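K.L.:
Residues per chain are reported as follows:
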Amino acid sequence: MDMKVKKKLGLKERYGLMTRGLGWDTTYQPMDKVFPYDKFEGIKIHDWEKWEDPFRLTMDAYWKYQAEKERKLYAIIDAFAQNNGHLGVTDARYINTLKLFLTGISPLEYMAHRGFAHVGRQMRGVGPRVACQMQAIDEIRHAQTQIHSMSNYNKYYNGLHAPRHMLDRVWYLSVPKSFFDDAITAGPFEWMIAIGFSFEYVLTNLLFVPFVSGAAYNGDMGAMTFGFSAQSDEARHMTLGLECIKFLLEQDPDNLPIVQRWIDKWTWRGTRVLTLVGMMMDYMLPKRVMSWKEAWEIYFEQNGTALFNDLARYGIKVPECVNQTFEDKEHISHQAWATFYQYGAAADFHTWMPKPDEMDWLSEKYPNTFDKYYRPRFEYWAEQHKAGNRFYNNTLPMLCQVCQIPMLFTEPGDPTQICYRETDYKEEKYHFCSDHCKHIFEHEPEKYVQAWLPVHQIYQGNCFPEGTDPTAPGFEPLPAVLEYYHINHGRDNLEYEGSEDQRNFEAWRQQATKN
Amino acid sequence: MPVAAIKPYTGEVKDRQENFHGAQLLYVGWDQHLMFCAPFCFPFPPTMRFGDVVEKALPPAFGYHPEFAKIDWSKAQWLKSGKPWTPDFNKSLAENGLKHKDVLRFKTPGLTGIKGSST
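Listed in order, the protein sequences are those of chains A and B. Be aware that the first sequence starts at 287, since it is given in this note's numbering, and climbs by one per residue. Be aware that the second sequence starts at 59, since it is given in this note's numbering, and climbs by one per residue.
Since the hints were made in silico from the structure, they are not lab data. Do not take every clue at face value.
[What the hints assert, rightly or not] Okay, derived cross-link-like pairs now, SDA-like style, lysine to any residue, Cα gap no bigger than 25 Å in a straight line:
| hint | chain 1 | residue 1 | chain 2 | residue 2 |
| --- | --- | --- | --- | --- |
| 1 | B | LYS149 | A | GLU714 |
| 2 | A | LYS724 | B | PRO60 |
| 3 | B | LYS72 | A | ALA766 |
| 4 | A | LYS350 | A | ALA521 |
| 5 | B | LYS72 | A | ASP467 |
| 6 | B | LYS157 | A | ASP721 |
[Claimed, not checked] Covered by chain B, according to a simulated footprint, are these stretches of chain A (three or more residues, beta-carbon under 8 Å):
| hint | stretch |
| --- | --- |
| 7 | 460-469 |
| 8 | 562-574 |
| 9 | 612-626 |
| 10 | 669-681 |
| 11 | 691-700 |
| 12 | 708-715 |
| 13 | 724-732 |
Here the structure is a predicted model, which means the values were calculated and not measured. In this text, a Cβ means the ideal position worked out from N, Cα and C, and glycines have one as well.
Using the sequences and the hints given, assemble the complete structure.
P.N.:
Here you go:
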């Protein structure tokens, strides 16, 4: 008797069964009730079947690939930890970039996980639903691998102990936090444009390449490896973002103005958040990879232009805010570092002034701006520090209502003048760092009136440990706020020179290399 | 529409004046002096004398700058929401017409910052 052997499924069949084949139209309840969020933004979808999944990845294959990557990654992380790899980094200033990453970025990976899980549930098309589900799992893996690979540093250095706690409280972390909160509280399509397209496609290279190459240049094998382990996922995420935008634009001409507004908004919000990366590249890496300006020119101006050229056939225009970035790229990293330097008492990492040779590097990379606007300021602070009068600004700054960054950016065309913008809404004043943040507010004021601005929250008395009485005689707000942040005053914060991190690193390295 | 939402929606104004325990917010920036990275945010009672803001609150905030002590306040030029404005030092914030979250800037002609760099 002949055996009837079932033919193995082909890739295409398998993909069909494992994605599209898993969806169905509901009958007990109307589809609009089951998927209540995919219409209110005004996006019109006529045929979800037109969604093309460029990767055609199915869940079973996904698990296999990811498991393989995990095995490699954890082998390297273990080796790094066992060999005291942390003593091989350039100098202990480098570790502060990890603190910035762990508090400012890793919790956002987790937020991205939540966002994609949510959006995956809300799309009635099964193609994007499966793709979002995979991205949701990628994102939680990124959060986990970052925390695991950096946890080794937490055994030896200060400031790495409470990233999740800090994200919801510490003043500068409201910048990345509010960025993702803004996206996740929007509808599913805006989320896809905000995170899937603008962040993953347009801006992600400016985040990952600097941190990962920064890790490689500065001898941090652990951080470098999680970067590479995430890289193949990022390629898939970028493609998802791009596919999403093309799908929306092909579905209905009415989608174009909505999508354009989201691109304008999220390109700007993204560039503001990336100010933190700019500062990291130019000031925090002991061995620099390239300047922020160079990175911006390569990854945004060149690659971004190619992308927008590609989208021009759908009627998409380059966001107007891009014009301002041509000027900003010469300034924002210096302005941001000046801010962290002076508010160095309230951060979970150390700050310092660049050494003379590092200032020369900055002059060379920023011939139009560094010597003229920033060197005098930094040399003055360095001199004052030497004279025992290190600058700490103890008065709280004014913040932008939308990006939540202190109002540190200068007027377009005049780098000597802070840029002020304001608007009145329902008899209340709101202030902004730029025309673009102001426009974002004016489009959805009811959203941004709710901003949790750290400075205002401190003055409202909401940022002290429970049971604190701010009216008690001799009450000092700064220590109470730091306690609320879980920042250990004198260990996690303040100047790098003389810090416990600096002393320990030097002593341990001596032990490791000498008798 | 003031917000994209699935149903009519009004946001909670987080920073309305009554949340500040009797104070109102006043923002103050010193033009062309970027040693202070951003304007300052202060909570002051509306009854506070404007002169006290300048004489008592600004020195701890701006005093680190070597030019601060050289300011001739009778010559300082004030801007409120970017427009020229003249304070009465002996009147209160409220009497000066300053409301919650107003923003003031002052210019100090002749003082150009560290090495003339607007720092």
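K.L.:
Hints first: check each against the structure and report whether it holds.
P.N.:
Results for each hint:
no. : hint                  : in the structure
1   : LYS149(B) - GLU714(A) : holds (23 Å)
2   : LYS724(A) - PRO60(B)  : holds (14 Å)
3   : LYS72(B) - ALA766(A)  : holds (22 Å)
4   : LYS350(A) - ALA521(A) : holds (17 Å)
5   : LYS72(B) - ASP467(A)  : holds (16 Å)
6   : LYS157(B) - ASP721(A) : holds (23 Å)
7   : 460-469               : violated (count 0)
8   : 562-574               : violated (count 0)
9   : 612-626               : holds (count 3)
10  : 669-681               : holds (count 4)
11  : 691-700               : holds (count 4)
12  : 708-715               : holds (count 4)
13  : 724-732               : holds (count 3)
Checked against the numbered hints listed earlier, the structure breaks hints 7, 8; every other hint is satisfied.
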